[in-house]
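Undergrad: Each chain is listed here by its residues.
Protein chains: 2
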Amino acid sequence: MVQRARVVVVGAGFAGLSATRELAKGGALVTLVDRNPYSTFQPLLYQVATAGMGTSDVSYPIRTFSAKWPNVRAHRAALSKVHPGEKRVEFEDGSALDYDYLVIATGVTTNWIGVGGAAENALPIYSLHDAADLRRRLQHYLEDTAAGRRESAHVVIVGGGATGVETAGTLAELRRRTIPLTHPEIRPDQTSVTLVERFDYVLAPYKPRLRDAAAAALRRRGVRMRLGATVAGVEPDAVVLDDGTRLPSDVTVWALGVTAPKQVADWGLPQGKGGRITLTEALNVPGHPEIFVAGDLAGQPNALPQLAQPAIQMGKHVGRQILAAAHGRPLSAFSYRDPGIMATVGKAEAVLQLANGLTMRGLPAWLAWIFVHVAYLLGGRNRVSVLLNFFWRYGGPRRSATSIASPD
Amino acid sequence: MVQRARVVVVGAGFAGLSATRELAKGGALVTLVDRNPYSTFQPLLYQVATAGMGTSDVSYPIRTFSAKWPNVRAHRAALSKVHPGEKRVEFEDGSALDYDYLVIATGVTTNWIGVGGAAENALPIYSLHDAADLRRRLQHYLEDTAAGRRESAHVVIVGGGATGVETAGTLAELRRRTIPLTHPEIRPDQTSVTLVERFDYVLAPYKPRLRDAAAAALRRRGVRMRLGATVAGVEPDAVVLDDGTRLPSDVTVWALGVTAPKQVADWGLPQGKGGRITLTEALNVPGHPEIFVAGDLAGQPNALPQLAQPAIQMGKHVGRQILAAAHGRPLSAFSYRDPGIMATVGKAEAVLQLANGLTMRGLPAWLAWIFVHVAYLLGGRNRVSVLLNFFWRYGGPRRSATSIASPD
Numbered sequence: 001m002v003q004r005a006r007v008v009v010v011g012a013g014f015a016g017l018s019a020t021r022e023l024a025k026g027g028a029l030v031t032l033v034d035r036n037p038y039s040t041f042q043p044l045l046y047q048v049a050t051a052g053m054g055t056s057d058v059s060y061p062i063r064t065f066s067a068k069w070p071n072v073r074a075h076r077a078a079l080s081k082v083h084p085g086e087k088r089v090e091f092e093d094g095s096a097l098d099y100d101y102l103v104i105a106t107g108v109t110t111n112w113i114g115v116g117g118a119a120e121n122a123l124p125i126y127s128l129h130d131a132a133d134l135r136r137r138l139q140h141y142l143e144d145t146a147a148g149r150r151e152s153a154h155v156v157i158v159g160g161g162a163t164g165v166e167t168a169g170t171l172a173e174l175r176r177r178t179i180p181l182t183h184p185e186i187r188p189d190q191t192s193v194t195l196v197e198r199f200d201y202v203l204a205p206y207k208p209r210l211r212d213a214a215a216a217a218l219r220r221r222g223v224r225m226r227l228g229a230t231v232a233g234v235e236p237d238a239v240v241l242d243d244g245t246r247l248p249s250d251v252t253v254w255a256l257g258v259t260a261p262k263q264v265a266d267w268g269l270p271q272g273k274g275g276r277i278t279l280t281e282a283l284n285v286p287g288h289p290e291i292f293v294a295g296d297l298a299g300q301p302n303a304l305p306q307l308a309q310p311a312i313q314m315g316k317h318v319g320r321q322i323l324a325a326a327h328g329r330p331l332s333a334f335s336y337r338d339p340g341i342m343a344t345v346g347k348a349e350a351v352l353q354l355a356n357g358l359t360m361r362g363l364p365a366w367l368a369w370i371f372v373h374v375a376y377l378l379g380g381r382n383r384v385s386v387l388l389n390f391f392w393r394y395g396g397p398r399r400s401a402t403s404i405a406s407p408d
Numbered sequence: 001m002v003q004r005a006r007v008v009v010v011g012a013g014f015a016g017l018s019a020t021r022e023l024a025k026g027g028a029l030v031t032l033v034d035r036n037p038y039s040t041f042q043p044l045l046y047q048v049a050t051a052g053m054g055t056s057d058v059s060y061p062i063r064t065f066s067a068k069w070p071n072v073r074a075h076r077a078a079l080s081k082v083h084p085g086e087k088r089v090e091f092e093d094g095s096a097l098d099y100d101y102l103v104i105a106t107g108v109t110t111n112w113i114g115v116g117g118a119a120e121n122a123l124p125i126y127s128l129h130d131a132a133d134l135r136r137r138l139q140h141y142l143e144d145t146a147a148g149r150r151e152s153a154h155v156v157i158v159g160g161g162a163t164g165v166e167t168a169g170t171l172a173e174l175r176r177r178t179i180p181l182t183h184p185e186i187r188p189d190q191t192s193v194t195l196v197e198r199f200d201y202v203l204a205p206y207k208p209r210l211r212d213a214a215a216a217a218l219r220r221r222g223v224r225m226r227l228g229a230t231v232a233g234v235e236p237d238a239v240v241l242d243d244g245t246r247l248p249s250d251v252t253v254w255a256l257g258v259t260a261p262k263q264v265a266d267w268g269l270p271q272g273k274g275g276r277i278t279l280t281e282a283l284n285v286p287g288h289p290e291i292f293v294a295g296d297l298a299g300q301p302n303a304l305p306q307l308a309q310p311a312i313q314m315g316k317h318v319g320r321q322i323l324a325a326a327h328g329r330p331l332s333a334f335s336y337r338d339p340g341i342m343a344t345v346g347k348a349e350a351v352l353q354l355a356n357g358l359t360m361r362g363l364p365a366w367l368a369w370i371f372v373h374v375a376y377l378l379g380g381r382n383r384v385s386v387l388l389n390f391f392w393r394y395g396g397p398r399r400s401a402t403s404i405a406s407p408d
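Top line first, the protein sequences correspond to chains A and B.
The first sequence begins at 1 in full-length UniProt numbering and counts up by one.
The second sequence begins at 1 in full-length UniProt numbering and counts up by one.
Worth flagging that the hints you see were computed from the coordinates, not collected in a lab.
Hints are supplied without guarantee of correctness; some may be wrong.
Copies of the same chain look alike in the list, so a pair counts if it works inside one copy or between any two.
The calculated lysine to any residue pairs, modelled on SDA-like cross-linking and capped at a C-alpha distance of 25 Å, are [to be verified]:
1) K25 with R329
2) K262 with E86
3) K207 with K262
4) K68 with Y141
5) K347 with R383
6) K262 with P208
7) K81 with L123
8) K87 with D242
Construct all of the structure, not just a fragment, from the sequences and the given hints.
TA: Rendered as structure tokens:
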């Protein structure tokens, strides 16, 4: 009988859960570590931020996950340091774990790209806390505007990727259809939704036809589009562009790319573009074959888009490689099977592009988008709950489209 | 045409919403004021505290409610002072509203009954914030106990009314059935659930047969019953009884009665037992017929149990009286139609007592309990969502019975 491998998986996002599942089924002794007691379903954070879902709908307790297998344990702690030489990881609370194999799947963090005032005045949508904060801010500002305590509640979204487009489209729909009912004291000129993107188009990874369709759908919903515009600074009440334009902004949403946390540099591992860790083709670290990286932190030669699918597939691959290594079998190279990409603009509007070039938009793409997102959620309760929330937001009475006002 | 009455309703609980609904249908101009942007469904707060439901499932946005009628406006503010002479209410943020009629439905607050250390060391379950705080505390302590950072996670619940019984029964079920799966590191002797009640029985308003059935059901679930015990003090790690007994308690839940907030005394209105406002039979204030009180703050001659049904019926009555007064019609006395009372102990276990003396317990009472609670929720989304959560907690896999771990 082969000795059971002790594996520490740090990070319970798509990559970490996927690796854990594979390792658990293969009989490894896994400790799954995360700074939070829950795993977050990031693709729907914009729904939490726009008050269409509760925080409980897009999060799943890590211990409910780990309880599925007797050989998986959970540990709540924030990673502080990796000691590759001693095969040990240290956590911020002073605890430490020894490993035979390590999976680093801690993900990345907000990239302020050196824009002055961004970190102070803009809100990201990367974590569940971010999304809850943004929702609270939006709700307070709308309330204050209605009560006459504020002049306006203008929103500027920086970044025309999927998150930016989804947030802008959803807020614009609420502004048109729901807020006039729930906040009748607010005049239309006191609110606006603006999307700023440095390219001349949104959704860069998509074909021009889909990019244009998405931009047109946003315009139809009343989003002010500032394409080809670079942000020079963020102030408490404005976003300042390169050309000196000041866009009034009471709430600035930061929907730009992400980057590796600074602390990664302390671990003595090779880093490439964006601070991502440079890997072998099998997704382990050159010189430290017992350390694997999966998800957003994985760099060349597998620096894939920072999406759920690459993370899930990398996690699975890493899990299999560790099981292979523990049994003395050779490792194999990772190859990504691209199933395509999709993004939604709002009710009955989405764009979908398969790897084989097939594209789809409008209602069929939107239904596909909902189906895929519900299917990839963790837990039956969350699946039904998210479906219910979709149904309610898009099929229920207009005044109910923001149905969440809890104090998260 | 009669002049439309300007009515200010302060408090968006059962009483305030019920009054607003009646006034709105009658054409009055209503401003509904609450310190929170949401209305809370208090009967299910223990489900939030025990991680079976999200905060969004038991709260409903006030502006989604007010948007139903063009003659209802919402205002988010905390009541600070009533000026009966000037027919004006002042709020903590400095705003003020003039009224023709005022409905005070602000409810009551935790009653520490003078027990030393209670306010500092015990947690109530009266507001949504309370429930979220308690859940967070319980989850942290379980996590810390599993990680060896704490010795134990003992829970003592003070008060054997419905809230205390429901919380104790639910926690005991989780301790027996779920925590051994989700927190396998914790030994059974590191956790316990104790219920302290000064009477010799729980659920005082019920017939002895039902009280005994509830106590037996709690014991079967492993709850340590300390009946006939009076709490002398609460320490950070213990509840001290009158006879000197120290019950180890890492988390102390305060499920005792409630009392009027101190500030009520500043309003110059007549107060009776528990600080409740003394009223006429029509539920308005003697000497100030334009001020009505509904819900938990309503005192003699209508000091009813602090439950949903009395609040709902009082709110409706108050709404009708104001419409009558505005049209110059005489007021009528309030009379409570008691539909009975019910409480649940846990899965498939509840007690139900109708006003006509009929009683029920076990599974039929539990199903009735669920039906009634879902029926009285606000909003279709919440009804389905709460039902889903019940189903999941009691019919899903044991490891999923605590399915909420969001950062509320």
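Undergrad: Compare the structure with each hint and give your call.
TA: Hints, verified against the model:
| no. | hint | in the structure |
| --- | --- | --- |
| 1 | K25 with R329 | within (17 Å within a copy, 75 Å between copies) |
| 2 | K262 with E86 | within (22 Å within a copy, 61 Å between copies) |
| 3 | K207 with K262 | neither (34 Å within a copy, 65 Å between copies) |
| 4 | K68 with Y141 | between (43 Å within a copy, 22 Å between copies) |
| 5 | K347 with R383 | both (19 Å within a copy, 23 Å between copies) |
| 6 | K262 with P208 | neither (35 Å within a copy, 65 Å between copies) |
| 7 | K81 with L123 | neither (27 Å within a copy, 36 Å between copies) |
| 8 | K87 with D242 | neither (48 Å within a copy, 54 Å between copies) |
The structure is inconsistent with the numbered hints 3, 6, 7 and 8, although it conforms to all the rest.
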